[in-house]
Amino acid sequence: MGFEDTALMSRILTLMTLSFHIIYATIGVGVPLMIMIAQWVGIRKKDEHYILLARRWARGFVITVAVGVVTGTAIGLQLSLLWPNFMQMAGNVIALPLFMEVFAFFFEAIFLGIYLYTWDRFEDQRKHFLLLIPVALGAAASSVFITIVNSFMNAPQGFDVLNGELVNVSPLLAMFSPAVPTKVAHVLSTAFMTSAFILASIAAFRLLRGSNHIYHKKALFLTMKLALVFSVATAIIGDFSGKYLAEYQPEKLAAAEWHFETGSEAELVLFGVLDGEEPKYAIRIPYALSILAHGVPSGEVIGLNDFPEDEIPPLWIHYLFDTMVTLGMWLAFFSFVYVVGAWRGWSIVTKQWFRWLTMLSGPLAMLAIQAGWWFTEVGRQPWILRGYMKTSEGATTSGQVDLMIVLFAGLYVILGIGTVVVLSRMYKRNPVEKELAQRESVKGGGE
Amino acid sequence: MTLEIIGISVLWLFLFLYVIVASIDFGAGFFNAYSAFSDKQHILTGIIQRYLSPVWEVTNVFFVFFFVGIIGFFPQTAFYYGTTLLVPASIALILLAVRGSYYAFATYGAKIDHRGYIYMYGLSGLMLPAALSPVLAISEGGFMRLEGGQPSLDYWALFTSPLMWSIVVLSIAAVLYISAVFLTWYAHKAGDIKATQLVRKYALVWAGPTIVTATGIIFELRGHNPEHYASLLDLWWMFALSFLLFLGTVFLIWKKRNYGLAFILLVGQFFTAFFAYGASHYPYLLYPHLTIYDSFTNESMAIALIIAFIAGLGLLLPSLYLLFRLFLFDKDYVKGKSDYHA
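If you read the protein sequences in the order shown, they are chains A and B. If you count the first sequence from 1, position 49 lands on 63 in the working numbering, and the numbers rise without skipping. If you count the second sequence from 1, position 98 lands on 104 in the working numbering, and the numbers rise without skipping.
Source of the hints: derived by calculation from the structure; they are not laboratory data. Even for Gly, the Cβ is constructed at its ideal location relative to N, Cα and C. Accuracy of the hints is not assured; some may be wrong.
[Claimed, not checked] Simulated restraints, written as ranges between beta carbons of each label pair: (1) A/320 / B/166: 57 to 67 Å; (2) A/430 / B/120: 15 to 25 Å; (3) B/285 / A/424: 38 to 48 Å; (4) B/165 / A/423: 21 to 31 Å; (5) B/120 / A/33: 27 to 37 Å.
[Stated by the list, open to error] Partial list, computed: chain A residues near chain B (C-beta under 8 Å): (6) 112; (7) 113; (8) 120; (9) 121; (10) 123; (11) 155; (12) 310; (13) 313.
Next comes chain A alone, as it looks inside the complex (with noise of 0.2 Å):
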């Protein structure tokens, strides 16, 4: 193999292990939080439903960890296996945020383990309850520190290069580069919209189901309420996103919206076809772009013009912008109608074909942050280290990682499909209202 194609074939491993690890990253971050909220709701309320909500939802969670571990632990060695080059770089700017991801996650699998094996194991359920706190801070820290590290990829800072040496690093300033405060707020809103779409998506599946339990109902409703806040949030941080890549990588905005020369007034173009550099069968929203870019119709956003050739990412990361933003809006816009129709009691939010969408918004909302990954991934291109490191230079040089992309293709489909199976056969096994009955005959004990 030649050195450009070990170079991509350690892209398509790595695409395909975050693809998939990103999965269960995402509901790792999320779903501790809204264990939490639901469990300190089920005991401001004396609500036994929603504390019910919490242990049954930690009890599928733990499973998503387990596997979130194995395919985290794989992206954490395959950084170091498929990118040696730039692993010795970066090693020398910015492994104290990795290091600290250890910490991070070491401390909320520990207490992890211990929440999961003290339910009733306390008088007092409020005890049982803090346990969570340290788990859904380090799952939140982990996921900023490693983020951190991905910022840094985007926008390098902290040191000097003199004569191909690194001089003069600062650990500290290359933690906080200027990508750090959009990158982090975006990821760890989208982790909680997310994870509490689709813990939605499991009430409505349910209903749908024919089941007309209030426990349920109790679920949506929550669920769907936190979704509405986060995709809001999300919303916000994305417009604060749109500046920062106008300010620190305008060649990814210019390419996500095919915007091929520098000046202002830009608008902003949605779908459609390139034709050569002309969009066709686009939307275009005047001045949009250069509000996204500046939050003036007047700002001028730089276009690919002003980059070399060899230098701009591909012009497809034009759907992947696309895909992200018409989903998160779409997202937004749903659960608003979820929530004020559920308020003001519209008859539309409890018919099936309603309930159907809100089933859907889960996996769709996982369909946005696969596209917000591959849309800020593939846009860096073709740097690995923006400005310094171009991806070809930081690969390995083996010749096996073909053979490696078969091994783990086939680990992750088996772990994709045992995670859907031992999940569904858990809950097929164990419904909800089996439990309520049971936990009502032997009130307050164990298992």
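Starting from the structure of chain A, add chain B where the hints point.
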């Protein structure tokens, strides 16, 4: 003490902790599969699951800690080991996935107790040390070629090397021995006489192979890496101490006394041997290409990592104490009297 020494000592300590906790985990899985095979499964499964299920993720973090830490302190290892270990490390990842998914799917989840799964899980416990330990052989030098400045692994030399195979055999024997000694103590604490008898027998069976292969490796190094062999001999007293501790463990297990102390002596035995080996390897991370000095990160990163490590430890030690108090030292939990799983 230089920053380099602090860095490698911290990493070596965590690798040691991983060796101990992972050995318990790997070996227990194998014993579980073996007893399923010989229809004695009910004896061990309960014991094993009560201990392993809450802590396996913590075990895994020790491993992640080591490889993330070594890239942090010694970034150049990414270049040498990252390039050459693609295949063995990927295989190890797959095996780790088998274990992780067993916990996820079989013990937390729908309780799939399919025999095939139990066997796969058990075998992965033996294959993992076999996949990971050749790295120690590679670090002795002679198995890596540099072609046009790019390192690659000489598989033929590696797979025909008696040193590599001895290390593999030692890693497997040690896994089973460490695990059996720990489980003897744990089963005894749980008051499970049958299980104690069974794992005590395993402990005695695997004590011999562990010490024989460990001694053999020292002599094989004489031919393979005389420099390392010479510095090993300089530390003969540490190995002698390790051997005495080994005798102590075997004696206590044999006499059915103080299983707790027996396990502590075992940890001492491996600690002295592991650190004597590590110290004699100094300053090389990879003979003869890489030392801890020429691969070390810059000073500001090293200091930042050490501060982060101390802060992290301040957070972790109390949490680990809590975890162990609840699951390892809580009599009711160990005996299976209380089950509060979600």
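Does the structure break any of the earlier hints, and which numbers would those be?
Of the numbered hints, 11, 12 and 13 do not hold.
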